[in-house]
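S.K.: Each chain, written out:
Number of protein chains: 2
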Amino acid sequence: MKKFLNSVHTVLDESFDGFVAAHADIIVAGEERKFARRRSLKPGKVALVSGGGSGHEPLHAGFVGHGMLDAACPGQIFTSPTPDQMFAAAESVDQGEGVVLIVKNYEGDVMNFEMAAEMTDGRCATVITDDDVAVETSTYSTGRRGVAGTLIVEKIVGAAAEKGMKRLELQALGQTVNRRTRSMGVALTSCTAPAAGKPNFELGETEIEMGVGIHGEPGRRRVPIATAHAIAEEMVKAILDDLAPRRGDEAILFVNGFGGTPLIELYLLYNEAARVINAAGLKPVRSLVGSYVTSLDMAGASITLSLLDDSTTKLWDAPVHTPALRWGM
Amino acid sequence: MKKFLNSVHTVLDESFDGFVAAHADIIVAGEERKFARRRSLKPGKVALVSGGGSGHEPLHAGFVGHGMLDAACPGQIFTSPTPDQMFAAAESVDQGEGVVLIVKNYEGDVMNFEMAAEMTDGRCATVITDDDVAVETSTYSTGRRGVAGTLIVEKIVGAAAEKGMKRLELQALGQTVNRRTRSMGVALTSCTAPAAGKPNFELGETEIEMGVGIHGEPGRRRVPIATAHAIAEEMVKAILDDLAPRRGDEAILFVNGFGGTPLIELYLLYNEAARVINAAGLKPVRSLVGSYVTSLDMAGASITLSLLDDSTTKLWDAPVHTPALRWGM
Numbered sequence: 266m267k268k269f270l271n272s273v274h275t276v277l278d279e280s281f282d283g284f285v286a287a288h289a290d291i292i293v294a295g296e297e298r299k300f301a302r303r304r305s306l307k308p309g310k311v312a313l314v315s316g317g318g319s320g321h322e323p324l325h326a327g328f329v330g331h332g333m334l335d336a337a338c339p340g341q342i343f344t345s346p347t348p349d350q351m352f353a354a355a356e357s358v359d360q361g362e363g364v365v366l367i368v369k370n371y372e373g374d375v376m377n378f379e380m381a382a383e384m385t386d387g388r389c390a391t392v393i394t395d396d397d398v399a400v401e402t403s404t405y406s407t408g409r410r411g412v413a414g415t416l417i418v419e420k421i422v423g424a425a426a427e428k429g430m431k432r433l434e435l436q437a438l439g440q441t442v443n444r445r446t447r448s449m450g451v452a453l454t455s456c457t458a459p460a461a462g463k464p465n466f467e468l469g470e471t472e473i474e475m476g477v478g479i480h481g482e483p484g485r486r487r488v489p490i491a492t493a494h495a496i497a498e499e500m501v502k503a504i505l506d507d508l509a510p511r512r513g514d515e516a517i518l519f520v521n522g523f524g525g526t527p528l529i530e531l532y533l534l535y536n537e538a539a540r541v542i543n544a545a546g547l548k549p550v551r552s553l554v555g556s557y558v559t560s561l562d563m564a565g566a567s568i569t570l571s572l573l574d575d576s577t578t579k580l581w582d583a584p585v586h587t588p589a590l591r592w593g594m
Numbered sequence: 266m267k268k269f270l271n272s273v274h275t276v277l278d279e280s281f282d283g284f285v286a287a288h289a290d291i292i293v294a295g296e297e298r299k300f301a302r303r304r305s306l307k308p309g310k311v312a313l314v315s316g317g318g319s320g321h322e323p324l325h326a327g328f329v330g331h332g333m334l335d336a337a338c339p340g341q342i343f344t345s346p347t348p349d350q351m352f353a354a355a356e357s358v359d360q361g362e363g364v365v366l367i368v369k370n371y372e373g374d375v376m377n378f379e380m381a382a383e384m385t386d387g388r389c390a391t392v393i394t395d396d397d398v399a400v401e402t403s404t405y406s407t408g409r410r411g412v413a414g415t416l417i418v419e420k421i422v423g424a425a426a427e428k429g430m431k432r433l434e435l436q437a438l439g440q441t442v443n444r445r446t447r448s449m450g451v452a453l454t455s456c457t458a459p460a461a462g463k464p465n466f467e468l469g470e471t472e473i474e475m476g477v478g479i480h481g482e483p484g485r486r487r488v489p490i491a492t493a494h495a496i497a498e499e500m501v502k503a504i505l506d507d508l509a510p511r512r513g514d515e516a517i518l519f520v521n522g523f524g525g526t527p528l529i530e531l532y533l534l535y536n537e538a539a540r541v542i543n544a545a546g547l548k549p550v551r552s553l554v555g556s557y558v559t560s561l562d563m564a565g566a567s568i569t570l571s572l573l574d575d576s577t578t579k580l581w582d583a584p585v586h587t588p589a590l591r592w593g594m
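Residue numbers (my numbering), protein chains in the order written: chain A, 266 to 594; chain B, 266 to 594.
No lab work stands behind these hints, which were simulated from the structure alone.
Computed from a predicted model, the values in this text were never measured in an experiment.
Among the clues, some could well be false.
In this list, chains with the same sequence are indistinguishable; a pair is considered to hold if it fits within one copy or across any two.
Here are the simulated lysine-lysine pairs, DSS-like style, with alpha carbons at most 27 angstroms apart [unchecked claim]:
#	residue 1	residue 2
1	Lys502	Lys267
2	Lys463	Lys502
3	Lys579	Lys267
4	Lys267	Lys463
5	Lys548	Lys502
6	Lys310	Lys431
7	Lys579	Lys548
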């Protein structure tokens, strides 16, 4: 294992400190690094809080800022943050209008966020994301996994919160966006957690894991490496089968790298995915290409398709100012 | 070699097509994919053109758009674009006020851009970047190599061009920014070009290449992997020795990933670099952390420090709207 680190015990704290230092104009650290929160909170706005295991950077702390999250709680690598962290984050950013929690559908995360919500005496409403079409249940989840589509939920709900939408409407909006958002991933390599020091799972020299989860959980099947065309076609077709869009529907096409895959390959994959989507009569009117929801140093990528309407297109386009996603300001 | 591709012969064309499709709001492709250019050119503005070998994405095409480049020419992997490409790009974007070429200091690039400049009958002024302090000459360069600091030159000169600065002033500004910008890189792994199908060079299980170039050219020395603290300290000290800043100077601190290194490690490296810089009495008042000037799938990173004054700070902060760098609009 060759990584930039000092000690496997301090990786997360030191990376968090670097993140906060690099983005001090936007971010402040919560006490004991329990969460990262927006430097300037907006009075009267419903607060948005997310979180999850570390190792998926920039998710979630990279999406804290104007137009997206108010706070994010990082757990240990691939491990849910604690209810205590989430409660502290919610307390810190609640402006009296309550809190919406955005939670990826993993058992640990859902349980801990539920406990945190109970601690706030009904001030929290929760949106659970489960956009991964690859498998119905998995190592850490009952039901589908929440993966890269979570970014889209956070962006759209974040923009609506910024515009003054209230808590239960935001929850309903988040649930709608999640239902209209579907993803699938593929791993070309495993990933190595610093503390483990060895690959999380083994993949042969010419094997790929089709439908992999963002912690390296098994997907649908292991197959020999195929062309980008064949890989993109299988992933997009799985998404379209599930999403059942109408011809002419507009969508965000999001090609997400897992941390070890360079942009040159992600754009090639985008090219293939867009071709399949266009052939199905859909219009990819918005795009996002980059490594936003990662699995440490895994080589691989996911494809996410999110159906838009006039209202959600405006919310996607609304100004955002976070460390990892920024436009319009 | 496991990569997202269809054929090693079509990687660049297909990735370029995906790039243009994903950013059709900003970018149009030049004829025969000779260059990518801004969709909306600004009458009366001096045009900025850059380019270089592919494999460094998002550099340079990812920086085409408002407030930065007007066009960029991608060469083959790690190979200069041709004078014909550069001439076509310059012709396409020249608004009658002439063109500034921004060229990384490699023999092939410099020679080809010179030939292109001659073809335009004096309409081009050139800025050559050579920010890499690691070595004095290298495999592909006489004199220092141009590396990640090129992004900073392109951003600051791009903002000044947008504000109406003329050609020779832009050239002088670019040269000044280049002189005040210094970088150094380190490789944890090699990189694999698709056509070669095997690593560009070999590094042992526990070895790193200190001072590596962005094509995997040799740096200062091969050493056993050390702590992020020791690595950052060596790199920043080499930069500071060369730059000889005054205490209290303000700077951009840019930690750049080479393509295979995830953000969690880059932020940890940022944390270490910022510590050394603060201890030297400098103020890192602006930051950039991410994979912007890459070497295919290489794991590794570079650190760039660029001294600012009031004027260049304003130009750095000015609105930019490109596929890879965007703020203020």
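S.K.: Does each hint hold? Answer for all of them.
M.R.: Now for the hints, and whether the structure bears them out:
1. Lys502 - Lys267: Between copies only: 22 angstroms across chains, 37 angstroms inside a chain, cut-off 27 angstroms.
2. Lys463 - Lys502: neither (34 angstroms within a copy, 32 angstroms between copies)
3. Lys579 - Lys267: neither (43 angstroms within a copy, 38 angstroms between copies)
4. Lys267 - Lys463: Both: 10 angstroms inside a copy, 19 angstroms across copies.
5. Lys548 - Lys502: within (15 angstroms within a copy, 51 angstroms between copies)
6. Lys310 - Lys431: within (8 angstroms within a copy, 46 angstroms between copies)
7. Lys579 - Lys548: For Lys579 and Lys548, the Cα distance is within 27 angstroms only inside one copy (16 angstroms; across copies 39 angstroms).
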